[in-house]
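Participant: Let chain D serve as the given structure and place chain S on it in line with the hints.
Each chain, letter by letter, is given below.
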Amino acid sequence: EPEVTQTPSHQVTQMGQEVILRCVPISNHLYFYWYRQILGQKVEFLVSFYNNEISEKSEIFDDQFSVERPDGSNFTLKIRSTKLEDSAMYFCASSESEDRSNIQYFGAGTRLSVL
Amino acid sequence: AQSVSQHNHHVILSEAASLELGCNYSYGGTVNLFWYVQYPGQHLQLLLKYFSGDPLVKGIKGFEAEFIKSKFSFNLRKPSVQWSDTAEYFCAVNSYGNNRLAFGKGNQVVVIP
Numbered sequence: 001e002p003e004v005t006q007t008p009s010h011q012v013t014q015m016g017q018e019v020i021l022r023c024v025p026i027s028n029h030l031y032f033y034w035y036r037q038i039l040g041q042k043v044e045f046l047v048s049f050y051n052n053e054i055s056e057k058s059e060i061f062d063d064q065f066s067v068e069r070p071d072g073s074n075f076t077l078k079i080r081s082t083k084l085e086d087s088a089m090y091f092c093a094s095s096e097s098e099d100r101s102n103i104q105y106f107g108a109g110t111r112l113s114v115l
Numbered sequence: 001a002q003s004v005s006q007h008n009h010h011v012i013l014s015e016a017a018s019l020e021l022g023c024n025y026s027y028g029g030t031v032n033l034f035w036y037v038q039y040p041g042q043h044l045q046l047l048l049k050y051f052s053g054d055p056l057v058k059g060i061k062g063f064e065a066e067f068i069k070s071k072f073s074f075n076l077r078k079p080s081v082q083w084s085d086t087a088e089y090f091c092a093v094n095s096y097g098n099n100r101l102a103f104g105k106g107n108q109v110v111v112i113p
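Protein chains in written order, with this note's numbering: chain D, 1 to 115; chain S, 1 to 113.
The set of hints was computed from the structure by calculation and includes no laboratory data.
Be aware that a few hints might be false.
To be verified - Derived CB-CB ranges, DEER-like:
id, chain 1, residue 1, chain 2, residue 2, range
1, D, 71, S, 18, 45 to 51 Å
2, D, 8, S, 58, 33 to 39 Å
3, S, 83, D, 39, 39 to 45 Å
4, S, 18, D, 74, 40 to 46 Å
5, S, 83, D, 113, 41 to 47 Å
6, D, 39, S, 30, 29 to 35 Å
Claimed, not checked - The list that follows gives simulated cross-link-like pairs (lysine-lysine, DSSO-like), each with its CA atoms no further than 30 Å apart:
id, chain 1, residue 1, chain 2, residue 2
7, D, 42, S, 58
8, D, 42, S, 69
9, D, 83, S, 69
10, D, 42, S, 78
For glycine and all other residues, C-beta sits at the position ideal for the given N, C-alpha and C.
Bound conformation, chain S alone:
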């Protein structure tokens, strides 16, 4: 079974700072990788996804993530955060023959104006 690790559960930073959230998964086969975001009181929204091809993927709201297969990682980045990026961020994985998503514990990100 897949497992997903996210570290630094609580992240506090100032506007214009850069953000990087780590995601590591444990599964040796072919995977799909996702980052979801949940703004306060709202549903989980897809930020970006990786299925195949270019390992650097760009998502909505200026986010990007890089798939590094050798490190089993899919880290999320944003060069300059805004107050509106305050949210919880979840990394998720599914694998060949199994469409259930395995999630990390999430990162609670607070951006101070």
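Chain D with its partners taken away, still in its complex shape:
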């Protein structure tokens, strides 16, 4: 079964540094998403992306965050000037379409630890 892959599985960084989390969505999917889960809290939507632009973002997704599809296979989440509260598990997902009944397939996540 095709999978969404995320790298690295664990990223440790110092506060104030920039990190890039990487995702390879399923190859024929057109819609991409980032979610995050702070320890002990719910999985929260960050952003959705289609046709090389953001289609929707949450209030969490401020100027500190950006997303990019730098080539035909990768989808990245960049966090500038990381803060302690950015420590979380970050999940990438992809779907064939944006139709709300379309299934989103998730990666295993990247655990970001900001020290």
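Facilitator: Relative to chain D, chain S alone:
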């Protein structure tokens, strides 16, 4: 905005016991409902989904869920669990015109052999 509630975050039970995980959502319109499972070290996998039709849906690995619209609930059940069902289970919802998923906090289920 939708919100999803899952209770009893930690569930410990023995093999062959029955499992029921509750999920309630707050949204009055048309919704899609999902249960995802995350086994240790793996990605979130779809267990089952409800879009429309028969409110009793069957998923993989012997799981089923029942949508009760009047109760805003979508509870997950399995009559007889196995050790391999040890995982975290997430209920999720999205609604008309909005494809973002709203998740519950998850249920950490541990099945003791």
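Participant: A separate judgement is required for each hint: does it hold in the structure or not?
Facilitator: Hint-by-hint comparison with the structure:
1. D:71 / S:18: 45 to 51 Å: Because 48 Å falls inside the window, the suggested range holds.
2. D:8 / S:58: 33 to 39 Å: holds, 37 Å
3. S:83 / D:39: 39 to 45 Å: Taking Cβ atoms as reference, residue 83 of chain S and residue 39 of chain D lie about 26 Å apart, which means the hint is violated.
4. S:18 / D:74: 40 to 46 Å: holds, 43 Å
5. S:83 / D:113: 41 to 47 Å: 30 Å Cβ-Cβ, so the 41 to 47 Å window is violated.
6. D:39 / S:30: 29 to 35 Å: holds, 33 Å
7. D:42 / S:58: holds, 25 Å
8. D:42 / S:69: holds, 23 Å
9. D:83 / S:69: Outside the cut-off at roughly 41 Å; violated.
10. D:42 / S:78: holds, 23 Å
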